[in-house]
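*Asks:* If you're matching them up, the sequences are chains A and B in order.
Position one of the first sequence corresponds to residue 10 (the working numbering), numbered consecutively onward.
Position one of the second sequence corresponds to residue 34 (the working numbering), numbered consecutively onward.
Note that these hints are calculated values from the structure, not bench results.
This one's a predicted model, so the numbers in the text were calculated from it and none came from an experiment.
Check the hints yourself; a few may be wrong.
Derived DSS-like pairs (lysine-lysine); straight-line CA-CA distance at most 25 Å [what the hints assert, rightly or not]:
| # | chain 1 | residue 1 | chain 2 | residue 2 |
| --- | --- | --- | --- | --- |
| 1 | B | LYS196 | B | LYS443 |
| 2 | A | LYS72 | A | LYS92 |
| 3 | A | LYS21 | B | LYS196 |
| 4 | B | LYS157 | B | LYS196 |
| 5 | B | LYS157 | A | LYS41 |
| 6 | A | LYS14 | A | LYS92 |
| 7 | A | LYS41 | A | LYS102 |
| 8 | B | LYS220 | B | LYS157 |
| 9 | A | LYS14 | A | LYS72 |
| 10 | B | LYS440 | B | LYS323 |
| 11 | A | LYS21 | A | LYS41 |
| 12 | B | LYS80 | B | LYS42 |
| 13 | B | LYS169 | A | LYS102 |
| 14 | B | LYS169 | B | LYS220 |
| 15 | B | LYS363 | B | LYS189 |
| 16 | A | LYS41 | B | LYS288 |
| 17 | A | LYS104 | B | LYS157 |
| 18 | B | LYS157 | A | LYS102 |
| 19 | A | LYS92 | B | LYS339 |
| 20 | B | LYS323 | B | LYS42 |
| 21 | A | LYS14 | A | LYS102 |
Sample of chain A residues with no beta-carbon within 12 Å of chain B, all distances over it, derived [claimed, not checked]:
| # | residue |
| --- | --- |
| 22 | GLU23 |
| 23 | ARG42 |
| 24 | TRP69 |
| 25 | PRO75 |
| 26 | MET86 |
| 27 | GLY109 |
If you want the footprint, here are the derived chain B segments under chain A, 3+ residues with CB under 8 Å [said to hold, decoys possible]:
| # | stretch |
| --- | --- |
| 28 | 254-264 |
| 29 | 399-409 |
Don't be surprised by glycine CBs; every beta carbon is placed ideally from N, CA and C.
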Amino acid sequence: MGNLKVTYTDVKGETRIFDDVEEGTSLMELAKRQGVEGIFGDCGGGCACATCHVYVDGDWFEKVGPPDDIEFAMLDMVADVMKDNSRLGCQIKMKPELDGIAITVAPSSGF
Amino acid sequence: MATQADEAKVSDRLPLTADEQQLLDKGTLTDRAIQARPRPYYTAMRKGDPIHYDAGLNSWLVTRHEDIWAVQSDPITFSVNKGYHEIQARGMHDEFRNYLRTHGGGYFPDAIMSDPPYHTRIRKLMENAFTAHRVKELEPRITQVVSDLIASVADKGHCDAVKDIAVPLTIRIIVEQLGLDQGIESKISRWSVAVTAQISAMQTREQMLENAAQIAELQNYIIGKMKEREAEPREDMISDLVHAQVTNADGTVEKLTFEEAVSLVRATLIAGNDTTATAIGNLFYVLTTKPGMAELLESIIDDDRKLNRFVEEHMRNEPPVRALSRMCVKDTVVNGTTIPEGAHMLLVYDSGNDDETVFPEPRKFDIERSNLGRHVGFGGGPHRCIGVALARMEVKVAAREIVRQLKDIKLAIPVSEISYVPTVATHTIESLPITYERR
């Protein structure tokens, strides 16, 4: 059990707070473990699909930083729902600097 | 009583033309002509009967994108384990299994073709070998392999794009990745065909036994390699799989059994080979038959974003894996159609990617589609292709090297003479003679 805090708003708009997140856990893994709606993580955290797409709220994006080229290529495949603060949850690992981070699950691409 | 995936949701059926109705009534995916050129059959199903019982195949064909998505998102109701293992050597599986027990070191069920929670454990043990970042590190080496291969045929001015480029290309890469022996390539090609044939439902008994003999040879070979790596690990994927372990949240450590590892090495060798070769064969097909494609590829070859999108649109437009199986474990209503318990189903990715409600003008090759990631060419849900990053990379590097080294690529036979491998599982060109000039 860790002690880092994550505020997760799921794809239906429901907000849940997790305050026992361990360092090193990715936001995708956390969502899968907790059943956060809208996060699927099909590829298992390999940055090879875009089913753990999240928006990083407010100033937290500065701390998280932008996606690298490989991650951007995946986000670009869901361009219709991509925003400036888009990231893949599997590529954000929790660490003390991100304690308190707030994120929102992006809607599915393309219907 | 049937359970209902989503009771409220029944989407419209559309009126069919007389020709479409006839195709729906008489058509079957076991017909080789339909297998080769299936789009009219798919269209008729998508419009009029989106989850269609194909009597010739004794299988329910799921053809609309939304229904494929729903089915693949429910891996418990729609079992891959049963869908895959029961269609394998269909009607003859006892004989198939016994043959492998006697001649092939054992019958090793495909550990990855399983259902959660077992499947979740297997995926976790395999995933590290396949991340996009790991694959990116392989790019220079993959480029070298592909560049050398294309250079070896560039001066000839003609070749078979499938047999001389696509097939050896993907085999050479997987031989390197797994750490197999150089010179084993022609055997791998035969083994791949045999494994794919076992799930195609198109075999006679004699063919099944011939294919089983190939699979036995394959298993004996990989078991030998795995024993070597067990004793002495190297920097290759066989060593990764033989020694794979993950630590659970509660501190317990998971490993693969030897039987599981055999099945996974076999699956990696075949899945990472045949399907990617098909994708590259199909790339030559579209470059030589679809107007403007060669020019489009040439114009974007140095634009990484557009090239990634080109590859993804190619996977949507010509998915190498046509359809994969599920078995429905209880009476279930999907989008108004009741699928009985025990029914065999095929998720027809090829049709889902052509669904005009998701991809407008689906036959148009459009690299700017904003929802490209929604295509089902790699499947989706917990069974989404594990080698997706490697497949993308191989197709991308192939596209780049084709443009760098060849020009004026033309089909050397009429389109109507292109023949396809007789299988419902993939849409694979058997042979594609082309001419070209060295750039």
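*Asks:* Look at each hint and say if it fits the structure.
*Replies:* Hints, verified against the model:
no.	hint	verdict
1	LYS196/B x LYS443/B	holds, 16 Å
2	LYS72/A x LYS92/A	holds, 17 Å
3	LYS21/A x LYS196/B	violated, 50 Å
4	LYS157/B x LYS196/B	violated, 35 Å
5	LYS157/B x LYS41/A	holds, 13 Å
6	LYS14/A x LYS92/A	holds, 24 Å
7	LYS41/A x LYS102/A	holds, 14 Å
8	LYS220/B x LYS157/B	violated, 30 Å
9	LYS14/A x LYS72/A	holds, 15 Å
10	LYS440/B x LYS323/B	holds, 15 Å
11	LYS21/A x LYS41/A	holds, 16 Å
12	LYS80/B x LYS42/B	holds, 16 Å
13	LYS169/B x LYS102/A	holds, 20 Å
14	LYS169/B x LYS220/B	violated, 28 Å
15	LYS363/B x LYS189/B	violated, 57 Å
16	LYS41/A x LYS288/B	holds, 22 Å
17	LYS104/A x LYS157/B	holds, 22 Å
18	LYS157/B x LYS102/A	holds, 17 Å
19	LYS92/A x LYS339/B	holds, 19 Å
20	LYS323/B x LYS42/B	violated, 37 Å
21	LYS14/A x LYS102/A	holds, 13 Å
22	GLU23	holds, 20 Å
23	ARG42	violated, 8 Å
24	TRP69	holds, 23 Å
25	PRO75	holds, 15 Å
26	MET86	violated, 3 Å
27	GLY109	holds, 22 Å
28	254-264	violated (count 0)
29	399-409	holds (count 5)
Going through the hint list in order, the structure does not satisfy hints 3, 4, 8, 14, 15, 20, 23, 26, 28.
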